[in-house]
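K.L.:
Here is how the chains run, residue by residue.
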Amino acid sequence: MAQKPRVAIFDFTGCEGCELNQLNFEDQLLDILAHVDIVEWREAMDDRPGEYDIAFVEGSLSTPDCIKRIHEIRRRAKVLVAVGACAVQGGINGMKNIRPIEQVREEVYGEDKYLFPTLPALPLRAVVKVDHEVRGCPMTQIEFLKVFTALVMGKEPIEPTSSVCTECKLKENECVFTKGMICLGPVTRAGCDAHCPTFGQYCTGCRGLVPEPNLEGMKEILVEHGLSVQEAWKRLQLYNAVELEGVRS
Amino acid sequence: MTRNLDINVEHLTRVEGHGNIVVNMKEGRLEKAQLEIVEAPRYFEAMLKGRSFHEAAIITSRICGICSLGHQITSLKATEQALGLEVSEQTVLLRKLLIHGATMQSNVLHAYFLAAPDFLKVGSVFPLVATHPEVVLRALRMKKLANDIGDVVSGRAVHPITPVPGGFTRIPTAAELTELKRKLEEQMMPDLIATVETMKALAGEIPQFERPTEFISLRSDDDYALYDGDICSTDTGRVPDSQYRRMTNEFVVPHSTSKHCKANRSSYFVGALARWNNNHDRLCDLAGGAAETLGLKPGCCNPYMNTIAQVVESAHCAVDSVAIIDRLLQVGLKDEEPNQEPTRYGTGIGATEVPRGILYHEYTYDKQGRITAANCIIPTGQNLENIDDDMKKLVPEIVDRSKEEITSWLEMLVRAYDPCISCSVHMLDVDFIE
Numbered sequence: 000m001a002q003k004p005r006v007a008i009f010d011f012t013g014c015e016g017c018e019l020n021q022l023n024f025e026d027q028l029l030d031i032l033a034h035v036d037i038v039e040w041r042e043a044m045d046d047r048p049g050e051y052d053i054a055f056v057e058g059s060l061s062t063p064d065c066i067k068r069i070h071e072i073r074r075r076a077k078v079l080v081a082v083g084a085c086a087v088q089g090g091i092n093g094m095k096n097i098r099p100i101e102q103v104r105e106e107v108y109g110e111d112k113y114l115f116p117t118l119p120a121l122p123l124r125a126v127v128k129v130d131h132e133v134r135g136c137p138m139t140q141i142e143f144l145k146v147f148t149a150l151v152m153g154k155e156p157i158e159p160t161s162s163v164c165t166e167c168k169l170k171e172n173e174c175v176f177t178k179g180m181i182c183l184g185p186v187t188r189a190g191c192d193a194h195c196p197t198f199g200q201y202c203t204g205c206r207g208l209v210p211e212p213n214l215e216g217m218k219e220i221l222v223e224h225g226l227s228v229q230e231a232w233k234r235l236q237l238y239n240a241v242e243l244e245g246v247r248s
Numbered sequence: 000m001t002r003n004l005d006i007n008v009e010h011l012t013r014v015e016g017h018g019n020i021v022v023n024m025k026e027g028r029l030e031k032a033q034l035e036i037v038e039a040p041r042y043f044e045a046m047l048k049g050r051s052f053h054e055a056a057i058i059t060s061r062i063c064g065i066c067s068l069g070h071q072i073t074s075l076k077a078t079e080q081a082l083g084l085e086v087s088e089q090t091v092l093l094r095k096l097l098i099h100g101a102t103m104q105s106n107v108l109h110a111y112f113l114a115a116p117d118f119l120k121v122g123s124v125f126p127l128v129a130t131h132p133e134v135v136l137r138a139l140r141m142k143k144l145a146n147d148i149g150d151v152v153s154g155r156a157v158h159p160i161t162p163v164p165g166g167f168t169r170i171p172t173a174a175e176l177t178e179l180k181r182k183l184e185e186q187m188m189p190d191l192i193a194t195v196e197t198m199k200a201l202a203g204e205i206p207q208f209e210r211p212t213e214f215i216s217l218r219s220d221d222d223y224a225l226y227d228g229d230i231c232s233t234d235t236g237r238v239p240d241s242q243y244r245r246m247t248n249e250f251v252v253p254h255s256t257s258k259h260c261k262a263n264r265s266s267y268f269v270g271a272l273a274r275w276n277n278n279h280d281r282l283c284d285l286a287g288g289a290a291e292t293l294g295l296k297p298g299c300c301n302p303y304m305n306t307i308a309q310v311v312e313s314a315h316c317a318v319d320s321v322a323i324i325d326r327l328l329q330v331g332l333k334d335e336e337p338n339q340e341p342t343r344y345g346t347g348i349g350a351t352e353v354p355r356g357i358l359y360h361e362y363t364y365d366k367q368g369r370i371t372a373a374n375c376i377i378p379t380g381q382n383l384e385n386i387d388d389d390m391k392k393l394v395p396e397i398v399d400r401s402k403e404e405i406t407s408w409l410e411m412l413v414r415a416y417d418p419c420i421s422c423s424v425h426m427l428d429v430d431f432i433e
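Sequence lines, in order, name chains A and B. Okay, so the first sequence: first residue is 0 according to numbering that gives the first Met the number 0, each after it adds one. Okay, so the second sequence: first residue is 0 according to numbering that gives the first Met the number 0, each after it adds one.
For the record, the hints were derived by calculation from the structure and aren't laboratory data. Treat the hints with care, since some could be wrong.
With the C-beta cut set under 8 Å, the calculated list includes, among others, these residues of chain A facing chain B [claimed, not checked]:
#1 Thr12
#2 Glu15
#3 Leu19
#4 Glu25
#5 Ile37
#6 Ile91
#7 Lys95
#8 Pro159
Because the structure is a prediction, the values reported are computed rather than measured. Ideal placement from N, C-alpha and C gives every residue a C-beta, glycine not left out.
I would like the entire structure built from these sequences, with the hints used as guidance.
P.N.:
Structure below.
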């Protein structure tokens with residue numbers, strides 16, 4: 000039998016909820032451990048060896064140290080998988096890029112603002128080559144298992160490109176808009192099985208935008224359903240500020 | 000004793016987030032003993048500015064994956080107070096049930112996955128899969144069931160979906176709650192009793208170290224305060240949560256991207272041990288019995304016992320979860336819409352006991368329901384000064400031991416607080432230089 004793939008798990012700027020979601024595979028964790036060797040995972044273990052076949056990386060890059068570390072991880076990993084909205088598209092951290100960084104630093108740390116270095120929050124792909132993505136905030140567990148299984152079997156994971164609306168229809172959910180709420184499902188990438196609409200909440204766009212999203216159409220619908228143009232754009236920014244606004248330093 | 004000691008543990012493992020332990024002793028004189036917080040700054044307070052009240056809890060739950068439910072509930076309470084949104088008894092009961100689930104989940108994760116490997120002298124929980132399979136399976140079973148509460152009531156355990164200002168977007172069904180109750184009674188209770196036995200067997204590995212300090216937690220008249228209550232200090236008693244700034248006094252230190260706090264002394268303790276010291280009289284019999292078995296006594300000032308206090312209160316959470324479900328089923332579940340019509344726009348404060356201690360959120364809203372000011376004070380941030388004070392007392396007491404042993408005690412000390420550094424900003428490294 001071939002040697003088991005060596006897996007490492009890393010985190011950058013984020014909430015570590017995606018890592019927790021990996022510990023939350025209570026039913027599958029022992030099976031997962033049977034198929035791979037986890038060689039580095041600071042949140043769960045002490046060991047820190049050198050090389051790995053697959054690196055799962057959570058979080059955005061937002062300090063000079065992050066940039067250094069991600070290059071190091073990329074050098075040691077055969078396959079690098081970005082996990083969760085912060086790593087894939089910048090996620091919620093991207094909102095801090097929208098306003099001048101000096102102002103943001105001052106608001107939180109006051110006159111001590113220069114004690115701590117900070118950069119605009121970046122998704123991993125802005126700095127290194129990313130081989131695969133597991134989207135969502137937190138990362139979508141069913142998608143993680145699909146990507147994980149494919150990689151362990153030596154196959155290419157298939158990444159969804161349709162919108163959350165397609166999955167929501169398959170679930171036979173009542174359309175969120177008809178309930179008097181707003182929703183970002185039309186421009187948000189599928190793969191979550193429309194989990195939030197299924198639980199009565201609107202899609203907040205955590206899985207990132209579909210390829211070539213019709214943003215003008217989306218804004219129009221949001222305004223039709225009661226939001227101001229400005230508010231509509233803000234809702235879209237929640238997880239997607241980096242893609243929508245670019246990055247200014 | 001003229002020892003020179005240089006410890007620098009960089010990026011401490013088995014804690015949430017990034018921190019370093021740094022200790023310097025020169026010719027027997029302690030020059031530095033501190034936990035450096037090197038987590039990348041997050042700037043959430045600034046990110047919240049201008050956002051709608053619908054988004055406040057969605058954003059703040061992303062401060063921390065482990066504490067997402069706690070942030071969400073605290074955020075909702077602050078928003079509801081600021082906007083004058085009343086919530087129903089059903090909403091409060093469902094939120095209390097969610098807090099119990101999140102507390103059990105977090106406490107089990109910490110006791111079994113993060114702390115227990117120290118007691119068994121292994122680097123992680125993974126070697127235990129081979130050596131102690133029944134214990135690992137039990138831990139996974141308990142964690143799963145605690146998370147099931149989150150899945151059923153809030154859509155998912157990490158970054159919950161259904162709790163929104165004024166209520167819930169979906170109410171669980173009676174059948175779902177009945178099934179949860181069955182699993183709590185048939186599975187969680189025996190597992191908790193077995194956990195107490197396991198912890199009892201390991202209790203001899205808990206370091207003996209004491210340092211009297213101020214313990215702060217919520218306290219209420221009618222229950223073991225988690226969802227709400229007054230702020231209660233072992234030094235000065237109870238004050239309303241509107242006084243939270245006076246009880247936290249945040250300040251910036253150069254070695255930490257998380258702000259530190261103090262109240263009546265140089266530092267104070269929040270978390271399960273503080274809740275135990277303030278509220279042990281409010282625990283159910285099962286939890287009280289567990290405390291007795293595990294040697295946890297009122298007025299305990301050994302920070303390493305925090306893990307034990309977590310196990311004790313988990314028993315209470317399980318018992319009270321069943322009581323809450325009984326109450327919900329007895330009254331009958333109502334398919335309520337969330338109350339989202341503001342009656343005023345102003346400032347509101349939320350204070351909740353989350354697994355690691357008191358969490359405060361405060362928001363001010365403008366007349367469009369957008370946030371103009373936000374302040375979040377995180378349990379781990381409140382504990383940092385207390386951890387530093389502990390290290391300053393601990394190191395001289397154990398200075399005759401080997402550097403490896405000292406490092407291990409320091410790492411265990413920090414882990415005992417179950418720090419959540421993402422929350423406070425991220426975790427820990429220790430380096431020795433002699």
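K.L.:
Does each hint fit the structure? Answer for all of them.
P.N.:
A quick look at each hint next to the structure:
1. Thr12: holds, 4 Å
2. Glu15: This hint holds: Glu15(A) lies near chain B, its Cβ roughly 5 Å from the closest one there, short of 8 Å.
3. Leu19: Status holds, d = 5 Å.
4. Glu25: holds, 4 Å
5. Ile37: holds, 7 Å
6. Ile91: Given a least distance of 5 Å, the restraint on Ile91(A) holds.
7. Lys95: Since the shortest Cβ distance to chain B is 5 Å, the answer is holds.
8. Pro159: violated, 19 Å
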